[in-house]
Amino acid sequence: MCLAIPGKIVEINGDKAVVDYGGVRKKASLMVMPNAKIGDIILVHAGFAIANVKLDEAKEKIEAISYLSEAVREEKERISKEQS
Amino acid sequence: MNSYITNITKNIKKLLEITGPVKVMEVCGTHTVEISRTGIRELFGNQLDLVSGPGCPVCVTPNDYIAKALWLAKSGVTICTFGDMIQVPVNNESLQSEKAKGYDVQLTYSPTESVEFAIDNPDKKVVFLGVGFETTAPSIAGAIIEAKKKELDNFSVLCTLKTIPAPLGVIASSPNLKIQGFMLPGHVSVIIGVKPYRFLADKYKIPAVIAGFEAVDILKAIETILNMIISGSASIVNEYKRVVLKNGNRSALQLINDVFTSCPSSWRGLGILPNSGLRISGKYSHFDAEKRFNIPDFTDIEDDPMCKCDKVIMGIIKPYECELFKRVCTPQNPKGPCMISSEGSCAAYYKYGY
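Residue numbers (our numbering), protein chains in the order written: chain A, 27 to 110; chain B, 321 to 674.
Simulated from the structure, these hints should not be mistaken for laboratory data.
Check before you lean on any hint, since a few could be wrong.
Said to hold, decoys possible - With a cut-off of at most 25 Å between alpha-carbon atoms, the simulated BS3-like pairs for lysine-lysine come out as follows:
(1) Lys468(B) / Lys52(A)
(2) Lys42(A) / Lys469(B)
(3) Lys470(B) / Lys42(A)
(4) Lys102(A) / Lys671(B)
(5) Lys80(A) / Lys468(B)
(6) Lys80(A) / Lys561(B)
(7) Lys445(B) / Lys419(B)
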């Protein structure tokens with residue numbers, strides 16, 4: 027239940043933001059992220075922004091994650107080619 | 321395979337040769353799911369025993385709270401809740417079964433949505449089920465503040481928010497569990513920071529790592545815990561620096577302190593622990609469902625004697641050691657909250673194997 031999803035702020039109205047999650051847009055409260063700006067990547071839990079994501083931290087890990095999703099995509103493509 | 325992951329995995333295997341078998345508790349339910357989903361639990365065989373902890377809010381919420389919610393639903397109140405709560409059975413009834421009978425149970429994605437629902441439905445008495453840990457507390461506090469601003473008379477919260485450090489103290493001091501390292505919940509830590517965990521290292525000499533939720537984060541946390549075990553130096557290491565600050569989110573902590581007061585709280589499997597819960601403070605008591613409705617006391621309600629969720633939560637037994645697991649208790653016909661919650665250990669073991 028402590029799931030939180032990173033998304034990008036595309037709009038701010040008062041303490042509410044519109045957050046883009048790779049295409050899906052939803053409102054989130056900025057009540058505890060008063061300094062958030064448009065373009066920031068933030069972590070959202072239950073409609074509440076709780077942290078800024080610092081992309082420069084853990085660069086290696088983020089690369090490893092992207093590598094994995096790339097590998098998964100290639101594998102899926104391979105399987106669908108085999109099936110067709 | 322990506323060299324970063326290969327290197328960590330190889331190194332963990334090497335470190336485990338030095339340490340011998342190690343028992344690490346992953347506190348958070350989301351970690352439990354990721355560890356099962358990615359197969360990390362099997363990667364190191366018997367050398368690394370990853371035990372699930374009390375970090376699944378639905379799982380640790382005791383039956384008397386569910387009974388209160390059922391009582392409210394039956395007395396004509398609209399219950400707004402996160403989805404996982406509705407299946408938890410008490411005496412063969414659940415919010416889902418009551419919804420099927422026609423009582424008003426609404427699923428919401430956020431506490432703010434339930435405030436909006438109350439605004440749109442002034443004829444309904446809306447109660448939000450305030451279940452969760454420090455991660456969720458700010459959003460519930462925000463909803464209460466919003467309701468106060470709008471002077472809503474038809475919105476309140478049945479609050480059983482819990483705070484994670486107290487049960488970790490109980491687990492760390494247990495002579496039977498012998499936990500050698502903790503993987504700490506990343507998103508609780510976003511709110512509270514590093515300091516509230518220090519006692520684990522200072523008092524109990526158990527190394528602990530704040531970890532993110534990707535496979536690489538989890539592997540890195542295991543590696544760091546093993547390195548600390550070998551060097552004999554217990555401390556609290558933050559391996560989730562991309563979102564966790566040393567002092568947590570100060571605005572969120574202020575908001576929590578404004579709306580809630582620390583209190584004893586009842587945990588399934590652990591009993592009542594001092595300073596382990598949050599109740600709505602006097603200033604906002606108008607939005608406290610316990611104050612607004614004359615809810616009976618259900619503390620004498622008994623647990624299903626066959627259900628072993630209490631022992632699973634404490635890491636005393638593994639899900640498959642419960643007699644009901646997979647035979648009687650399945651995601652389609654769950655008998656206890658650890659099978660119901662998508663992040664319960666029984667649900668994770670059922671879905672991804674063990």
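### Task
Would you check the hint for Lys80(A) and Lys561(B), treating anything up to 25 Å between C-alpha atoms as holding?
Holds - the C-alpha atoms of Lys561(B) and Lys80(A) are around 8 Å apart, at most 25 Å.
### Query
CA of Lys470(B) to CA of Lys42(A), is that 25 Å or under?
Holds. Lys470(B) to Lys42(A) sits at ~16 Å (cutoff 25 Å).
#### Entry: Hint consistency between Lys468(B) and Lys52(A) [alpha-carbon to alpha-carbon, up to 25 Å]
Status holds; Cα separation ~24 Å.
### Task
Below or equal to 25 Å on CA atoms is what counts here, so check Lys80(A) against Lys468(B).
Violated - the C-alpha atoms of Lys468(B) and Lys80(A) are around 34 Å apart, more than 25 Å.
### Task
Mind checking the alpha carbons of Lys42(A) and Lys469(B) for me, to see if they're no more than 25 Å apart?
holds, 15 Å
### Query
Quick one, are Lys445(B) and Lys419(B) close enough, alpha carbons at most 25 Å?
At roughly 16 Å apart (the allowed maximum being 25 Å), Lys419(B) and Lys445(B) satisfy the hint.
### Query
Has the given pair, Lys102(A) with Lys671(B), been kept, meaning a C-alpha gap of at most 25 Å?
Satisfied, since the Cα-Cα distance of roughly 21 Å is no more than 25 Å.
Going down the numbered hints, you'll see the structure goes against just number 5.
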